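Sequences are here, hints too, so could you generate the full structure?
Those sequence lines, one after another, are chains H and G.
If you read the first sequence in our numbering, its first letter stands for residue 1, the second for the next number, and so on.
If you read the second sequence in our numbering, its first letter stands for residue 1001, the second for the next number, and so on.
Worth flagging that the hints you see were computed from the coordinates, not collected in a lab.
None of the values given here were measured: they were computed from a predicted structure.
No residue lacks a Cβ here, since even glycine has one placed at the ideal position from N, Cα and C.
There's no promise every hint is true.
[To be verified] Part of the chain G face toward chain H, derived, beta carbon under 8 Å:
(1) A1057
(2) G1060
(3) V1069
(4) G1070
(5) H1083
(6) H1099
(7) L1104
(8) E1131
(9) T1241
(10) L1267
(11) Q1270
[Said to hold, decoys possible] Covered by chain G, according to a simulated footprint, are these stretches of chain H (three or more residues, beta-carbon under 8 Å):
(12) 54 to 68
(13) 79 to 85
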Amino acid sequence: MTRRVAIVGIAQTRLETEKPDQILDEVIFEAASKALADAGIGREEVDSITIAAADQIDGRPISSMLEACPAGAYLKDEIKTTEEGSYAAILASLRIMSGVFDSALVVSWSKCSEVPVTRVSNYGAEPFFHRPFGLNYITTTGFMVNAYRAKYGLPEMAAAKVVVKNRGNALNNPLACYQTPVSTEEVLSSRIVAWPVRAMDMAPLCDGACALVLASEERARGMVQPPVWIQGMGWATETYYLGERDLSRLTSLEVAARRAYAMAGVTNPLRELDVAEIHDIADYHELMAYEALGLCPWGQAARLMEEGVTEMGGRLPVNPSGGALSGSPFFATGLVRLAEAALQVRGDAGRRQVKGAKRALAHGSYGFCGQGNSVFILGE
Amino acid sequence: MPRNVAIVGTGQTKYTTARNEETYEELIHQAARIALEDAELTLKDIDAVVISQAPEALFGIDHPERWVVGAAGAIGKPVMRVHTGGATGGSAAQAGFFHVASGLFDTVLVVGAEKQGDTPDAQLVLNRIMEPRYELPFGLNAISMTSFQAVRHMHKYGTTQEQLALVAVRSRRNALNNPYAHIRANHTVADVMKSRMLCWPLKLLDCPPRSSGSCAIVMASEERAKGMGKPVAWVRGVGATSTTYYMGDKLSGLPFNEHGDWDELALAAQHAYKQAGITKPGDEIHVAEIYAPFTICEVAAKEALGFCEKGQACPLEEKGWWDIDGHLPTNPSGGALASNPIAVTGLARVAEAALQVMGKAGQRQVDGAGTAVATAIGGTLQFHTVMVVSNRL
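Set out below in structure tokens:
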């Protein structure tokens, strides 16, 4: 019998194209201290810190040396993972489930305005054969989209509608980076960055940090916020080598979802979930995630979108926050999805609240063509 | 109560300056395979994988853990990399422990590799870890920042350079018994004293080599471990502490801000000892694998771990207290002064501690080693991890 873990504190900084008035330490400190305030506890009452960060995105080796303390780690038991933001919540949950810790502050961040993210992501390519070809997170998205379109013939318009949906939802999210609506014409006339992917198909990068407070069941009882329970979590990674993969499917997301659903007892996600926050690195990525998450059969994502199922007011609203397409603090984006899903379950999502949301899904993703993925199921 | 977890297999490959014949993937694969063979398990038995990987700037690939998913046998599995600088290996072993202790997984592989031999100048990279606005321009790096610790310890406790040299002599002599060790030598105190001064008072032989190599451990739940019918190393306690980054803060002399004392390591140790039920570490721990890349680090660590009074580690060294046949043998493997593959130095400490309590340490075996402690440090000597392992629950 594993120990139950709850989210009892939620905070994000405002996402912005740049934050020239704050150094990274201050952005991190803002999120971490707001999460503690939301949970109604002081730093001394948290017994572990788990952070997710990437050296290259932060611009120095072992960036946690500088950033662990702003994240609350001074004289605390702190550990760092480097997959992406939501993995800090995974590791923190494991630490609490083990019984060694009762609470955790979970923090992730990115200040993309100060980093050539596209070039940095090229440094993640295997150096002998792949790097010289210019692989990066945008060009590999092109591969993925081509593989999907070759198989299922997805029209560009279907993807553009995802951008319109998410940017429309962001009008209700005061923390979103881009709070202006866009039209499909604008998306379809934006320049091509990796054929057939256009600039506006990709999530625009921004600055921001996100932090959560997690607690064991005993610790969560009696805290100021109603606990949002982590009912299920799963994560999985595909092979790095793109040539060995079926790029038309987010295979590791399918595996991660299956694990999370099994843990949470979800058998029909479309019926049993009330809202989902999906890591939409690109609009196409959101559509492909629908399929891997089992919301529709393979190749049917565009139809799900057309039927309005994932719109606000649909059967399963996806990204009421506006998603990453309304601003992505690159490395922290998965944790932002988790924070937004938790706000929905807590009923604290303001104007973007999905009425009566009791059960939410959050998705995090990293690597070329969605190499690794995490899925959380949250509930009341 | 946490679920009981055991280390059921270890794998190391030869640590040496450069492993030019193998790629990073191959190093990972080798250690993983050896650890699985040692555990008498196959990849099918592994539920999740933790990758132990320190700063990628040391060999120039961003997120190398993503590249080696296949080599680690982890395709389609839950994979997570842990990176806490030098402490990475200690943190990765703890992450592996938490995977199993959580109840979600029964068998977890923790694996990492270091290919520092590909780096033209590690100290240049390790200068870039420093605080960029005020401290980096001073030319701080791993050697100079640790020399401050030595200066503080000498100032507070009268420690001498010759006493520090004894740590290097013992470590590399112990390494003669470790077939994986990088520097295996019968140095004398005179050899250390006349080696080139790098940053006073640390001389070349007070410092670790730059090593490449790989290491892996397999961890399993109590149920699985007991079913294996062979000696295993039970994880009895884990602890970690992070402290301030700024070198200036470490020289204040205030509690937890005294570079010579490492009170923050003591905090991590207390957490681990409490779980393990250890009250007299100097007597109840039979062998220690301490991540001490520099001689002074081992001295400060032993005092912080409660093995002796403050300022007594060096006088006890002179009496052979820490020798392989002494009261509390430290680093029978030779430790980081013999081999320092940064990404896995901490993991190798855990593997060596596990080998000792399993009775599988070969020529470097400490007689009667029932309980062992493994540590790691990282950052500006600011991240500390402690793990206690034992041959019984």
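Hints, one by one, checked against the model:
no., hint, result
1, A1057, "holds, 4 Å"
2, G1060, "holds, 7 Å"
3, V1069, "holds, 5 Å"
4, G1070, "holds, 5 Å"
5, H1083, "holds, 5 Å"
6, H1099, "holds, 6 Å"
7, L1104, "holds, 7 Å"
8, E1131, "holds, 6 Å"
9, T1241, "holds, 6 Å"
10, L1267, "holds, 7 Å"
11, Q1270, "violated, 11 Å"
12, 54 to 68, "holds (count 10)"
13, 79 to 85, "holds (count 5)"
In summary, the structure is inconsistent with hint 11 from the numbered list given earlier, while agreeing with all the others.
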